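Protein chains in written order, with my numbering: chain A, 1402 to 1602; chain B, 1402 to 1602; chain C, 98 to 375.
The reader is advised that the hints may include incorrect statements.
Partial list, computed: chain C residues near chain B (C-beta under 8 Å) [what the hints assert, rightly or not]: (1) Pro144; (2) Ala180; (3) Leu220; (4) Gly236; (5) Leu239; (6) Ala251.
Don't read these hints as lab results, they were simulated from the structure. A quick note: this is a predicted structure, and the numbers were derived from the prediction, not measured. Where is the CB? At the ideal position from N, CA and C, for every residue including glycine.
Read off the chains here:
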Amino acid sequence: MSAPDDLVRAVEATLFAADRPLSVDEISRHLGGASVRGALAELQAHYAGRGVELVERGGRWHFQTAGDLAHLLRREKEDVRRLSRAATEALAIIAYHEPVSRAEIEAIRGVQTARGTLDVLMEAGWVRIAGRREVPGRPTIYATTGEFLAHFGLSSRRDLPGIEELRAAGLLDPVDDAFAVLTGGMEDDRGGSADGEDESS
Amino acid sequence: MSAPDDLVRAVEATLFAADRPLSVDEISRHLGGASVRGALAELQAHYAGRGVELVERGGRWHFQTAGDLAHLLRREKEDVRRLSRAATEALAIIAYHEPVSRAEIEAIRGVQTARGTLDVLMEAGWVRIAGRREVPGRPTIYATTGEFLAHFGLSSRRDLPGIEELRAAGLLDPVDDAFAVLTGGMEDDRGGSADGEDESS
Amino acid sequence: MDDVAPANLPVPSLFDGDEAWDGLPSGGAAGGEGGALYLELEGWEGPLDLLLDLARRQKVDLRTISILDLVDQYLGYINQAEALRLELAADYLVMAAWLAYLKSLLLLPRDPEMQPSPEELALKLQLRLQRLGAMREAGARLMARDRLGRDVFARGAPEGLRVDRRNRWQCELFDVIQAYGTVKARTVPVVHMVRERPVMTLESALSRVGAMLGTSLEWRELRSFLPSGEGEGWDNPQLRRSALASSFVAALELAKQGKAELVQDEIFGPLLLRAVAA
């Protein structure tokens, strides 16, 4: 590689330090009126095939990262994170009851659901907006996605265990047995009433 | 000129695109963990003598225009902060003695350091608080930053102009130490009077 | 005796002659010999700074400055300032006093007992001037380097590197099912049932107290109206408390109906009760 001459070096440095693309005239003016076209051509040849290229766009010259390396400018980093309990509950409710509005999710959870919770489920790709309910206020309704089924190894939502199976598995027992004990232990008959709803959908 | 290999191109592109100097680790992490030292050396050699150079400053690498082109590129508009004499001296003392406390700076300068002086240096990003000295009073101690090295074109503090000579001449030692050496170690009371504003602390 | 630079002491050497001082930022004041000093105290960063500048004007290596000359120059400077009635900061005056003292020590016959000797005091001053001089020069050399953003430039318009963080959310099917179970269990309507507790009703207290009152015109304490009897559970303290409360309300009711009199001599004292004589 032959050493570049001073004009080439000056053009190279000028374009490198410029905060915007420069026209031939601007470069020339910056360098005391020197004729810079030859230097530009030389630089362009020099940088061809390198990680950085000298390009002309609409009569203005600038350095830019080589097109095939553009992916280096944006790198993705994945953080593995566990779904929060609130989000897991919301997901479960959507899966069992879909399509549901946020108000319905809250009614079933008995707790307010933060806006971010549904965003997380959508970011995860498991929940999608499934339109609007045609009732006053036209609330957005949510449903699960194909990705949801794939991620959880379900062939369809029918694969989700029904209420009776949940009961059999003890999953409907109150979590907080300690609470029951404290309040006098009469934790028995909690009405056949409650489970009536929907395994269906 | 042989075509650069993919890794060299990738390192070149990454450093060109970066908006701040990058450490070897950062470059490597950005490129999926590749070992980049060889590529850096190759790039540095390739750019030597061009209008743009690859430099290492305090362990971080960046491209910058060649120093000998300063006369072409110097910009009138955004002139670099002109440091006051007090700030310049304080900066030199911190750089050559770091880490130092304010009292140590004042001992060398023989004058109190105005509150704003160190602030200016910290605001410029050249000086940082480096903890506290574990002596009575636990004074804050100051040191220079990577930005300081980058701004003044120093690869490391070893590059500080004349630092070896100064050290060899004992001029980086406190007056009392130098005095003890010169007078054969009589380190007794120090003339009680006006020069008493201790170098110690 | 003029030149006090201690020739007998080894002195660190840094600068060869005065070239090294060229190019330094000169202080705010300048001036030639003999009173041509003009005064510009703002220009000085303290007395040491002034001394250093005076020393530099001796045009010699800092190792060989004449401390006595330096002292004279400093004192001359201060005198001039005072003659012009300039207000001098205290530290300049302190330094002047100390230098005058040092000068007298250097000129007077030597006191061999004195520690440290005047020469040593002078040496210390010289060491301090050397250190300040060294740092001043270092600062100047630093400032004169090719500086990023002034002499050399980073890329003007870097594309920038971006790291997009993405979350990969983790959750197992079991978590979902369990969560549903939890929600269901949590929101099942809760039925509250109050357990039957042992009480004495107001009605039964009223009839009991009323009946017992009819047979006695003596004052009797309320507690004596309470039922007792081991087998019937009247030893249950809860039941006894209930009986007392109900009997008290019954007594009030009887008094209100004019069938009984109530007396209590002191707060929390025994509550006495008897039938009203018809």
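Here's how the hints hold up against the structure:
About 7 Å separates the beta-carbon of Pro144/C from the nearest beta-carbon of chain B, less than 8 Å, and the hint is met. Among the interface hints, the one on Ala180/C is violated; its C-beta lies about 23 Å from the nearest C-beta in chain B, farther than the 8 Å criterion. Satisfaction of the interface hint for Leu220/C is found here, the shortest Cβ-Cβ separation to chain B being roughly 7 Å, below the 8 Å cut-off. Here the hint on Gly236/C is kept, as its CB sits about 4 Å from the closest CB of chain B, short of 8 Å.
Hint status for Leu239/C relative to chain B: holds, with the closest Cβ pair at about 6 Å, below 8 Å. About 5 Å separates the beta-carbon of Ala251/C from the nearest beta-carbon of chain B, less than 8 Å, and the hint is met.
Of the numbered hints given earlier, the model fails hint 2 alone.
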